[in-house]
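Asker: All residue numbers for the sequence shown refer to the numbering used here, where the first residue is 16 and numbers rise by one.
For the record, the hints were derived by calculation from the structure and aren't laboratory data.
Please note that the accuracy of each hint is not assured.
[Claimed, not checked] Think about it this way: if two alpha-carbon atoms lie no more than 30 Å apart in a straight line, the pair counts; the simulated DSSO-like pairs of lysine-lysine are:
1) K137 - K75
2) K258 - K248
3) K327 - K422
4) K163 - K327
5) K186 - K214
6) K327 - K150
7) K362 - K84
8) K125 - K327
9) K75 - K430
10) K430 - K150
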Amino acid sequence: MRRDHTFLSRRGFLGAVGGGVAATALTACGSGDSSSSGSSEIVFMNQSRGQAATLKKLAKQYTQQTGVKVRIDDVGPTDFLTKLQSSSQSRNMPDMFSVVDGHSMAPYYKAGWAKDLTQEMKGTWGDSFRPATLKTTTFGEDNPQGVKPGIYSAHWETPALGVFVNAKLYKAVGLDPDQAPASMSEFIDQMRKIKKSGKGPFWFATSLSNQVIQSYASNYMSDDELNATFVGKNSWKSEGWRKTLQLVVDLRDAGVIANGSLPSGTTDNPTVEKAFFNTQGVAAIFDGTSAVGVARATAPDFTDFRSFPLPKADDGTQTPRLVGGAAKGAAVNPRSKNAAEALKFLKWLTAAKQQQVWSEGVPLVPSARAVSDKNVPAQLAGIAAKVADIQLVQNQILEQVNTALQKGTQALVLKERSVDQVLGDLDAAQKSA
16 MRRDHTFLSR RGFLGAVGGG VAATALTACG SGDSSSSGSS EIVFMNQSRG QAATLKKLAK
76 QYTQQTGVKV RIDDVGPTDF LTKLQSSSQS RNMPDMFSVV DGHSMAPYYK AGWAKDLTQE
136 MKGTWGDSFR PATLKTTTFG EDNPQGVKPG IYSAHWETPA LGVFVNAKLY KAVGLDPDQA
196 PASMSEFIDQ MRKIKKSGKG PFWFATSLSN QVIQSYASNY MSDDELNATF VGKNSWKSEG
256 WRKTLQLVVD LRDAGVIANG SLPSGTTDNP TVEKAFFNTQ GVAAIFDGTS AVGVARATAP
316 DFTDFRSFPL PKADDGTQTP RLVGGAAKGA AVNPRSKNAA EALKFLKWLT AAKQQQVWSE
376 GVPLVPSARA VSDKNVPAQL AGIAAKVADI QLVQNQILEQ VNTALQKGTQ ALVLKERSVD
436 QVLGDLDAAQ KSA
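Full structure from sequences and hints, please.
Answerer: Right, here's the structure in full:
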C-alpha cells in the first residue's frame, strides 16, 4: 500500500502530521478485548479541515434517514495523530476515524484498531470503487510495514498530487495559466520570471517532498521498479533515482524555491497552502487535489488558480504518472460496540449518491466509478485530466526511508548534502529496516 499518502501523506492533502507513531506502544495498549464507544451514537474522529462541512452535512442527512445519531469530532490535521494515539493508549478509540498516510496508520492496523474490510469489498461495495482506489489501499503479502494483508479503510476520494498556480500572478508576467509547461525546464524558466516579479516562485512542504520525488521518479522507472526499491530489492543508488534527486538541485540552483528552503514541522503543508491561498505570496505550489477543499474552507474568495501534473523530465524514459489513488476515507474500530452501525455508515458515505455530494461540496475527485468527473471544478481540471495515469505501486516507502528522504531533500535545498550522499543515506536506511 502507498497515501494518503497518500497520500498520500499530506499535512493538508493526505493529513500526515509527522512520521508514524510507535507500533509497539499501540500494539501493547491494543491487545485484548476493548470496546471504546458503546454509546448510542456513532463517533467519527475527523482529520480534515476542507471536508468537515460536507461530512457534517452528510452525517445529519444520515441521521434523518436512519435515526442513527452521528457525532463528528473535528480534531483537524495538526492534532489528529496525537489525539488518535492518546485515544488508543487510553483504550477510548472512536467508532470510526479518518485515515491518513500508511506510515501513520500502519501501527493502528497492526494493533487491531481498524476492521479488515477485505471480505466486505468482495462484492458490490468493492466493485463500486475505481481500481486504483482499491489497489492503493490494499496491504499485500510481505508489505514493508508488517501489516496483515488486507484492506483497512474505505475512501470517497481519488486524489492526485500536482502543481497549483496562481492565474493572476502568471498572467502578470505574460504566462498562460491554462497551458501546462511541456517540460520541467520550461517550468523552471516560468518560475524564474515569477521570481523577477518579486513573488515567491515555487514551494512545497517537507512532508510532501517524498511525493514530489516519487512523482518525478516515474519519468525514469516503471511502477514495478519503484516498488522493487521500496521493498529493498533495488538500490536507491540507481541512475533513475540519481536523476530524480537532481531535480531538487536544479530547482535550488535556479533559485526558484521560495525562501530558499522548505517549511517543516507539523504545520508545514498548511504553511504552504496559506502562502498560496490566503496571502497569495507564492505563485506555484506542489499539493494534492484535496487542497481545493482547504481553499474553499479557508480562502473562499480566492478561486483564480489552476492545476497541472508535475512537469515531465526533459530526459525521461517513461510516461510520467501521478502519485494518488486514495485520499480521504475512514476506518472502523472493530472493538467498538457500534462497529456494525459504523460500517453501515461508512458504506453509505462511500456510495455513489453521497460521493456526488462530496464531489460538489468539497469539491474532490470521487472514488466511485458511477460518479462523473464532469463536476470537477476548473481549478482541478488539469490534474483530474490525468487521474487515469496514477501510479499503481503496491507498497510504499518504509517509514525510516521516508524520513531520510524528507531530511535529504531539505539538505539538498540547503546545500548540506550531495545527491550521492542522500542516495547513500536512503540505502542505509533501507538496509537498517
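Asker: Which hint numbers doesn't this structure obey?
Answerer: Violated hints (numbers, rising): 4, 8, 9, 10; every other hint is consistent with the structure.
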